[in-house]
Amino acid sequence: MAHATGLIQFSGHQHLRHRLVLSILSGKPVRIDKIRSDDKNPGLRDFEISLLRLLEKVTNGTVIEISVTGTAILLKPGIISGGPLTHDCPLSRSIGYFLEPVVMLAPFAKKSFQLTLRGITTDEHDLSVDLFRTVTLPHLQLFGISDGLELRIKRRGAPPAGGGEVQFLCPVVKQVKTLNFVEPGKIKRIRGIAHAVRVNPQFSNRMIEASRSVLNRYIPDIYLYSDVYKGEESGKSPGYALSLLAESTTSALHCSEAISQPGVAPEDIALQATRALLAEIDRGGCVDRQHQSLVLLMMVLGSEDVGRCRMGEPTLRTIHFLRDVHRFFGTSFKIVGADPLDKECSHLLYSCYGTGYINANRTVA
Amino acid sequence: MDERPHKAHRPSKTDKKDKGKGKEKQHGFNEKAFAPKSGRTADKQGRRNAERDQTRLHVPLVNRTPDAEPPPVIIAIVGPPGVGKTTLLKSLVRRYTKQTLNDVKGPVTVVSGKKRRLTFIECNNDLNSMIDIGKIADLVLLMIDGSFGFEMETFEFLNILQSHGFPKVIGILTHLDLIKKAATLKDTKKALKKRFWTEIYQGAKLFYLSGVLNGRYPDTEILNLSRFVSVMKFRPLVFRNAHPYLLADRIEDLTPREEVRLSKGKCDRTVTVYGYVRGTNLRLGTKVHVPGVGDLDMKSVTILGDPCPLPDADSEKRRKLSEKKKLLIHAPMSDIGGVMYDKDAVWINVPGSFTRGNTDVPQGEGEQMVMDLQDAGATLEDAVAQSHIRLLGSSSKHLTVEAPAGDSDDDSDGYEDEEEGDESGIDSDEDGEAGDDDDDDERAPNPHSTGRAARRDVTRTLPTASTSKIQRGEVEYAESDSDLGDDDDDEGMVRRFRMEDGDALDIPSDEEEDDMMGEGDDDEEEEEAAPKWKGNLAAKAQAASSNARRRKDWTKLIYSSELTPEEVLAGKEEGAMDEDEEEEDDGEFFRFKNVPRKDEEEEVDSSKIVWKEEDLKKWEDEEILDSIRGLFITGPVAADGVEGEGYEDEEDEGGDFEDLEGGDESQPSTSAPPTTESSRAAALAKKKEELKRKFDEQYDDPEASKVDFYTEKKDEISRQLQLNVEEFKDVSAETRALVEGYRPGTYVRIELVSVPCELIEHFDPAYPIVVGGLLPAEERFGFVQVRIKRHRWYVKTLKTNDPLIFSVGWRRFQSVPLYSLDDHSIRMRMLKYTPEHMHCYATFYGPVALPNTGFCAFNSLAGAAPGFRVSATGVVLDIDRSVKIVKKIKLTGVPYKIFKNTAFVRDMFSTALEVAKFEGANIRTVSGIRGQVKKGLSKPDGAFRATFEDKVLKSDIIFLRAWYSIQPRKFYNPVTSLLLSDKSQWAGMRLTGQVRRDEGLKTPLNVNSTYKKVERPERRFNPLIIPKKLQAALPYASKPRVMKPQRQQTYMQKRAVVMEPEERKAVALLQQIRALRKDQVVRRKEKKNEKKAVHAKKAEKDEERKAEKVKERKKEVMRATGRKSKRESEAEEGRGSKRRKT
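In order, the protein sequence lines correspond to chains R and S. Counting from 1, one number per residue, gives the positions in the first sequence under this note's numbering. Counting from 1, one number per residue, gives the positions in the second sequence under this note's numbering.
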């Protein structure tokens, strides 16, 4: 009864999330050591521990062993169970940090996900819940995960005290569709959400105003919503932010975000977000940089067909991710220039042969 | 050929006749002839057409088997022993190859047509083989002995097929010549056909083969069969369409002999198996399962030349006339033709012992050549040393081989590679084809070169911050064109040179360097001159141009280089790197540890892109803002086309970017205004045309543009398949194998490691070896929940916790199932036995199979097992790591003290702690009074206070219904039948009863479990006595009604009857009549009895006669059985003596 499938080893604390996700999806146990072993404060951080807890909650039969010093972990994955769950995120990272791996796992669970996360909804490191709702989830829709996919922002929580709450609902699929997304199209609409909690509600209007001053020249179809949460729902700390997204004719999405900083006027924050959006649009491609790894993962997990996607150059994370995918699934991408004639074009065409990943966790009848 | 005078063509009579017929037909399709005569006929015809249309529809399924070069179709020949399987196989092979086989072992592959190859495999009578064959066969030739009828194995095999996806089945009736009477033959055929049809489907094809001629079936009949086979279409089966697999037609042991010898043959072996990949793409890195052996790791997969290739135009041309008759056959296990192909060798088997000096063997030309080859006097190295090879025709010195030959080889390889890289860097200004040609040229003489991915053996460390690199970085492009002279330096020398004076190498001004470091340098230069954003722009253009000029090979950088992602992004190439690091290395020693730590502090695991200040700064400029207008729908209309043209122009000019500076990106439209106009007009015209076409289409026939769902899906599937083929067409075979795996239809050699030695030692080609690919999920273990139904022909019921042999997916294994049933959707309740004629759930521990996979189960695989062996069939529903199955448990207790509605209960629990656990639980008495556990009592341990809805009796039993969760036993035992010397003798875990019987143990008897007679004494109730006083007080309605018995005689009793004489007479007459009647009845009875006795005698006689008849019939049956067993035993003895002609 030798069940030990090849243990995969990593070292370093970087890219912990996608390594754990890949391990759970592929079913291969993973061992990560040298986690900040040279640091003054060695071992796992509180948010990483919390992430491991969350992963243990969403799965059944997962064994997580953490060494005494906390510098090494061993994860023997179980099956993804899903169902109604609640998790309190620590205040050191925002909800986005936890939501990102969960989004990758959720479609392959046994029962549809109803995950409630509490904590900070928007911060400077991770994607805010607004972007998750408006950008990340539509990316999943490209792969046929759509019915019942929802992120409800119940309360907002700005750093440092947080107090926000979101509910993530995700259906279960048998198999994700093969992606063939090579036409970036042209931007047809711009949407945005400006929110301000525990500050003057006029701030969001000021941000919208400033943003429109730049964007109005391009396109008439611009709606920037001012999202105001009051009382209980507005969390424990003051803060405001603007998140923008541009949608193309082929429904490629580009997004940007800027959040309040002490001593900076809301107009400047808005301009920052707007310029970031323009820069992102300028980069082009069918998928923006924040969502490269999500899209690539779903392509790998597609049916045994060739999936193609046009994107910009891979980011650092993406390169790491691609290498890790190769170790876990043995799948490698063919990456070539999107337009061999156009030398100016920095876009790349990522194509891969899906692994034919079928959701084995799903119950029949 | 043309010169030879031909005989004039003489038209044949029959031809003419045919032609005439054809001509008549040619008159044209007579529409009137097929037009319906009446409305009713028209209606009927219409309905029939619609119905026929519907039968065309199936669920659209992707067929992963390529159309171009599909793997051979596996045709399994299955049937009971002695039915003529080998004869059929030989006849079929003879039909296709014109060769007669003597001894058939293992699969035989032949070419049957332009597009089709067939692999024949004979299935022996072992249940394991039948299971494995059933999982891979595309077509089953099911042989039935016509003179005997269906046998149990046939039905078992059909049931196995049914649970693993039904392949096509053709029935074949043999031994029909043994039935002499024509009428009997007709009846037999009819009966067997009827049974066969109910088993497969109405109208399933059934062939009749009459007797054997020259050890083969009649040629015409085989021809007909082969025609049927050649036009057969196959629908992909779901399981096979999701898993790669191959049927090994050859197996070889690669273990070093020495290792085998040292371990006395017991070491794990390295084994190669050969076969055509089928199903989906086979990928390295996944596990495979060999049924009968276990899960194995693939060490390597190699594509081999097709041993039995399909004929193409080229091969047809080359084929000589004399070979026309000789057709390809590939049967390595049967040793046909004596040729075997390996990865790098072809083995030729020559009859007789073929050794040097043996003069018995006739020595032909070929043999002589082989002998001569063995006459090598010197080793290859000596030969090379002696030979004088000159590199160029003009060179004066020949090449010499020195001691570190390997090193210099490596170096030159490395050099070549690098040069290739450089060249491509420069050349990419020209069109891409030139670069490709270069590559080809370089590769051609050196097929083994592994490309740029092969790195030199230089130890590498992590790089430091990038700034220092740029300043000191223009080091290592020593290998420029001018350095060509140095190329025969070996690596060690170069290194030493560097260590002596690192600075000396920092010579700038190489073209490549500019290329390489262009970004950084230009950046700095520009920044001095231009305003900031402009500088950036130019730099960007520059960067873009340099990017374009030396386009990165991202695939290679990411997957086959050891660069860190940071380096990959920074645009470093692999060749440059090792030297970089050496440079850094030689300075400090203790810096290493600090650097990464600093990085770590900065790096946060975040997905958000952090924009730099300057990146955003440039968007303050209006011009920049305008530059991206083209990316919006409101932007310039034909911006795309114009931009593209503009860039093409630039390319023509030769990549001189300086003159375009800021203009090229910001104002794409200004560069060529006239073209813009015309192109815009053209685009508009095109758009209009498109719209017009669309409108016409919709206006003319709104239905035509709409395709039905089925066609749409099919189109989608075919489009995707097309894309799959196209996408990796231009990639080299090895890379392609890496990216998409080995496609179905390729002939591969799979190296399997740590294979149990018994597989090789007890190898028997009569047992098929199937290599089934596993999906990642299937490598794991867990609790598998299945829906199961006991087979209606299996006589026993199945019991929970009795081991069962499952055949799920590729695997065959024994496990211990737990049967359960859904109890009102509240709980899964355990069942002791499988229910009759009903599905239930079973949960067992074992390797995971995907939900919806069918399976069948057996209690025993042994051939000797009586009756029908398929004990259950079903489908996998769910996979989990834990199970929630409960069984009911009733805790009973008795009340020992009863108050009104309260009772104290004991004997239910043993401790107060248990009571505490069950506080508030519902309890009930046998008589139906409901209650609740309240609180434990301190005094008698485990007693508690309970309340009821009514007063309970002391004689009542109180019980608490609880649910106890149970886990299936974690037992998994793979059926390793291929590892046994006698492959049909696999024995798994036995039942307790079997073990006891084998060991001669008695079943332990628990006294409490013995059955005793239940004695239930009649219950006596005392009479209800109501005190007088109470009676008196009762209201009248409630008073007991007490009536005294009547004491006086009634009138009827006490009256005297005096009859009149007439009356008396009448009474007397009646009496007489009655007496007469009585007598009559008695006499009649007597007579009847007599008759009965006679009849009984007759019946007895009849009975005797009947018994005689039954005896006769039994005798006949026994005789038939005897005949069959005799034939079987003969078949066992040997094939030659098996089929004697009578």
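Rather than coming from a laboratory, the hints here were simulated on the basis of the structure. Note that beta-carbon positions come from the ideal geometry of N, C-alpha and C, so glycine has one too. Warning: the hint list may mix true and false statements.
[What the hints assert, rightly or not] Mimicking SDA-like on lysine to any residue, the simulated pairs with C-alpha atoms at most 20 Å apart in a straight line are:
#	chain 1	residue 1	chain 2	residue 2
1	S	1126	S	179
2	S	729	R	186
3	R	110	S	627
4	S	287	R	182
5	R	177	S	1126
6	R	177	S	241
7	R	188	S	627
8	R	177	S	179
[What the hints assert, rightly or not] Derived coverage of chain R by chain S (criterion: at least 3 residues anywhere in the stretch with Cβ under 8 Å from a Cβ of chain S; other residues may be distant):
#	stretch
9	180–194
10	333–343
Results of checking the hints against the structure:
no. : hint            : result
1   : S/1126 to S/179 : 19 Å, holds
2   : S/729 to R/186  : 30 Å, violated
3   : R/110 to S/627  : 49 Å, violated
4   : S/287 to R/182  : 34 Å, violated
5   : R/177 to S/1126 : 59 Å, violated
6   : R/177 to S/241  : 17 Å, holds
7   : R/188 to S/627  : 17 Å, holds
8   : R/177 to S/179  : 59 Å, violated
9   : 180–194         : holds (count 4)
10  : 333–343         : holds (count 9)
Checked against the numbered hints above, the structure breaks hints 2, 3, 4, 5 and 8 and satisfies the rest.
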